[in-house]
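First to last, the protein sequences are chains A and B. So for the first sequence, this note's numbering puts the first residue at 1; every next one is plus one. So for the second sequence, this note's numbering puts the first residue at 1; every next one is plus one.
Derived from the structure by calculation, the hints contain no laboratory data. Where hints are given, some of them may not hold.
[Claimed, not checked] Pairs of lysine-lysine residues, derived as DSS-like cross-links and limited to a Cα-Cα distance of at most 27 angstroms, are as follows: (1) A/K36 / B/K63; (2) B/K63 / A/K25; (3) A/K25 / A/K37.
[Said to hold, decoys possible] A short list of chain B residues far from chain A (calculated; beta carbon distances all over 10 angstroms): (4) K81; (5) K90; (6) I123; (7) I149; (8) K150; (9) K157; (10) A169; (11) N170.
The beta carbon of each residue, even a glycine, is placed where N, CA and C say it ideally should be.
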Amino acid sequence: MKKKLSEMDYAEQGTVTGIEDDLRKRVAGMGIRVGKKLRMVTKQPIKGPVDVVVEGAETSLGLDMAGKITIEVTK
Amino acid sequence: MKILLMGHPNVGKSVFFNRLTGANVTESNYPGTMVDYTKGWMKIEGEDVEIVDVPGTFSLDPKDRAEEVAVAMLHENRDAKVISVIDASKIERGIYLALEIIEEGYPLVIALNMRDVAEDKNIVIDADRLERILGIPVVSTVAIAGEGIKELVSRLKEAKPINVEDIIANAANASNTESVADAGGAA
Chain A
1 MKKKLSEMDY AEQGTVTGIE DDLRKRVAGM GIRVGKKLRM VTKQPIKGPV DVVVEGAETS
61 LGLDMAGKIT IEVTK
Chain B
1 MKILLMGHPN VGKSVFFNRL TGANVTESNY PGTMVDYTKG WMKIEGEDVE IVDVPGTFSL
61 DPKDRAEEVA VAMLHENRDA KVISVIDASK IERGIYLALE IIEEGYPLVI ALNMRDVAED
121 KNIVIDADRL ERILGIPVVS TVAIAGEGIK ELVSRLKEAK PINVEDIIAN AANASNTESV
181 ADAGGAA
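Sequences and hints are given; from them, build the entire structure.
This is the structure in structure tokens:
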């Protein structure tokens with residue numbers, strides 16, 4: 001099932017399948033690239049940032065950025 | 001000679017800086033921004049060397065003011081050597097930045113810092129093997145305890161520009177066997 005990263009629920013895991021072009025380079029340095037597995041850790045309330053774990057390392061993204069990343073949710 | 005300490009935010013660059021320069025510190029404000037950087041001096045084999053503590057950046061594609069300063073400092077010091085400080089427990093993204101700097105032709109040494117933190121997460125990195133793939137010195141360090149600092153300094157002279165094609169070829173040869181980083185504890 002495909003979802004935007006911003007729509008993932010707590011503890012869901014998946015693989016990055018798409019990142020919008022304008023964002024691709026900006027998140028690459030944070031370890032988020034197509035093919036990477038990640039897990040949602042926390043979503044902050046009131047349109048706050050999302051926290052994800054990629055390759056064992058935690059990172060956070062603004063909700064608008066997370067909305068430009070597509071995830072194939074595996075569990 | 002000038003050495004730039006570069007890496008992500010919170011990987012220990014400033015701890016390295018203090019270890020390397022001792023008390024001989026000058027604080028500066030980079031012109032046109034609100035971002036501070038710090039420089040100091042140390043002696044390596046009798047030569048005065050300037051050390052610059054560059055603001056943390058995730059990539060050479062800046063997202064904010066601090067990152068712009070970091071990238072500008074790198075580009076304004078074409079003749080500098082770079083110590084790439086990497087959080088050993090987050091090696092993947094650290095290497096990404098290091099490769100970007102290598103790609104631009106800078107001589108580089110890698111400090112795999114926070115080795116102790118990585119070990120607590122069951123991450124053990126084969127630094128020798130990484131060194132063979134990258135073709136540059138890779139030293140495991142625990143900067144706050146002073147571990148590995150001397151080795152890092154003594155190996156600065158081995159830093160040299162590397163062709164990325166060589167790294168790709170070395171990595172292809174190495175990928176037939178076990179992986180470099182064994183992240184057993186990562187969920």
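For each hint, the structure was consulted:
Between the alpha carbons of A/K36 and B/K63 the distance comes to roughly 21 angstroms, so the proposed pair stays at or under 27 angstroms and holds. Annotation: proposed proximity of B/K63 to A/K25 holds, straight-line Cα distance about 10 angstroms (limit 27 angstroms). The hinted pair formed by A/K25 and A/K37 meets the criterion: a straight-line CA distance of about 18 angstroms does not exceed 27 angstroms. At roughly 22 angstroms, the least C-beta separation between B/K81 and chain A is larger than 10 angstroms, which holds for a residue marked as non-interface.
Its closest Cβ contact with chain A, about 4 angstroms, brings B/K90 to no more than 10 angstroms, contrary to its assignment away from the interface. Not every CB of chain A lies more than 10 angstroms from the CB of B/I123, the least distance being 7 angstroms, so the non-interface label is violated. Even its closest Cβ contact with chain A, about 24 angstroms, leaves B/I149 beyond 10 angstroms, as expected for a residue assigned away from the interface. Under the 10 angstroms C-beta cut-off, the non-interface status given to B/K150 relative to chain A holds; the minimum distance is some 28 angstroms.
Once the 10 angstroms rule is applied to beta carbons, B/K157 is consistent with being away from chain A; the minimum gap is 29 angstroms. With a least beta-carbon separation of about 22 angstroms from chain A, B/A169 lies farther than 10 angstroms from that chain, consistent with its non-interface assignment. Distance check on B/N170: its Cβ is at least 21 angstroms (rounded) from any Cβ of chain A, clearing the 10 angstroms threshold; non-interface status holds.
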